[in-house]
Amino acid sequence: MKIIKALLFFFAGLLLIISGIVLVCALNPDVSKAIAGRLYSEQNEAVDIGISDVPDLERDTSQPLKNEAANVVSENMVLTNEGIDKRIVPEYAAPEESELVIPEVVSGRNGYQQIQGEQQEVTEEEEEQILSRPDYGNTGDGLSFEPVYYPYYAMLDESGKHIYRQIYANADKVYPKFSPVEDVTAGTLRNIFSAVYNDHPELFWLDTAYTGKFSKDGRCVEIGLEFNRTIQDLESAKNLFQENAEQILTGARSLSNQYEQEKFVHDALIDKITYHLKAEMNQSAYSALVNGKTVCAGYARAFQYLLGQLGIPCYYCTGFAGENHAWNIVALEDGYYNVDTTWDDTGDGTYDYFNKTDEDYAGDHIRRELSVYLPPCDGQAFRNLEPEESSLRSLADVGVTEEQVLTNMQDYFTDCYNQIVSQGDGNYTFYNVIGGKDMLEAWNRGYETDFYKQAYMEKAVIETGARSCNMGLSVEQLQGNNYLITHEVEIR
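When the letters of the sequence shown are read in order and numbered with the numbering used here, they come out as residues 1 to 492.
Please keep in mind that the hints were generated in silico from the structure rather than gathered at the bench.
It is possible that part of the hints are untrue.
Within a straight-line C-alpha distance of at most 20 Å, the following computed EDC-like cross-link-like pairs (lysine to aspartate or glutamate) qualify [stated by the list, open to error]:
1) 437 <-> 348
2) 263 <-> 441
3) 216 <-> 183
Please build the complete structure, drawing on both the sequences and the hints.
Shown next as structure tokens:
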């Protein structure tokens, strides 16, 4: 009886304490928040992986997939850290998405499509049939991938790397269906496939979608890859891809340092590619290098491939810039830099988004998905070496109209001749504006070879009755890919 009374007093006291806590929390919300913080702080620390506040999602494998065998679900927006090496911690500091402001001149120049992973639940009969005769295809055993060139591979744990090698090997051999060499969940499979896709622009025939067939307990029993139309004659497509790549690489290899090579490839792609939202195979490097029409993904994949061929580490970075978007991260001597060739391909090309830090990009780019694990971009030595469009003078600033811009060398030589003849001998300065990079190259050749002398200078000196001429030249880049040429002459 005493024991029963003691228990009754205990429960009555406990009820009184709980009632008091409820009353205090109702009267003082701050106390409620503090208690919640104590209750959940330990749990939050366990799942806080710093991926733009996206939590670590652990799938409950005790419950069967909700879909029957004939049904398919898309996991295009789910981000987890499944399959990621636990020692890998993101150092990238993401800006607030609500604070992004997309400049009007580049608004809408996106087009990146997220990886589309489909989960299909198989029947017990199908599972038994697959497991009775597993087909691993090409396992990729013996393959190795250097972390400096394949960062997404380096993010994975050992099991993930094993499946990565298998997916890569089967994609390379166009082997569409195979059993995984390791046990893998849906979330882990998505990350591994994304890692393979992001690291390998040379697999231009691999599509952005895949299928995972799962048993009722969540075990993946088969992986299915999808390919684009280039596999119909893959050898011809590979040759065409490499021929177009070599047209750019040949020029880049002649340059003396990695920065000049990087800039050359940046400019060459801008000259070659037209942004086109409905371009065929627009998530691939093939669409950019062969077809010449693509979206941000194609620009970034082509840039990644070409720099990789030059030995310059270049990564495919995905995220948000008003819409889903892709750009690149490049490793140079002193650190990492962001490069967005898509957004630089406006007008005649700019360097507004070339070799920038994360701080520079914080106003209009934010990384998502596995790209948050890529290194932060804080390099300085190769930042802002090229003039941005916004810092250049316009034609109006120098008092020239569009009609007065010279676009061929004959017109340039004639204009120089006329200005010298009209001013005669003495010391003076005259100007003209030429348009386009091709025109600038032709202008350079005209003076490097001394062709300008016979083209206009000798005749102009004779016409003025002078005996000699000295001339200094300078070039200023203007907006719209125009160039102001300043001539300082001394004619005697």
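The hints, checked one at a time:
1. With a C-alpha separation of about 9 Å, the suggested pairing of residue 437 with residue 348 holds against the 20 Å cut-off.
2. Under the criterion of a C-alpha separation no larger than 20 Å, the hint pairing residue 263 with residue 441 is consistent with the structure, at around 16 Å.
3. Taken as a hint, the residue 216 and residue 183 pair is honoured in the structure, with Cα atoms around 14 Å apart against an allowance of 20 Å.
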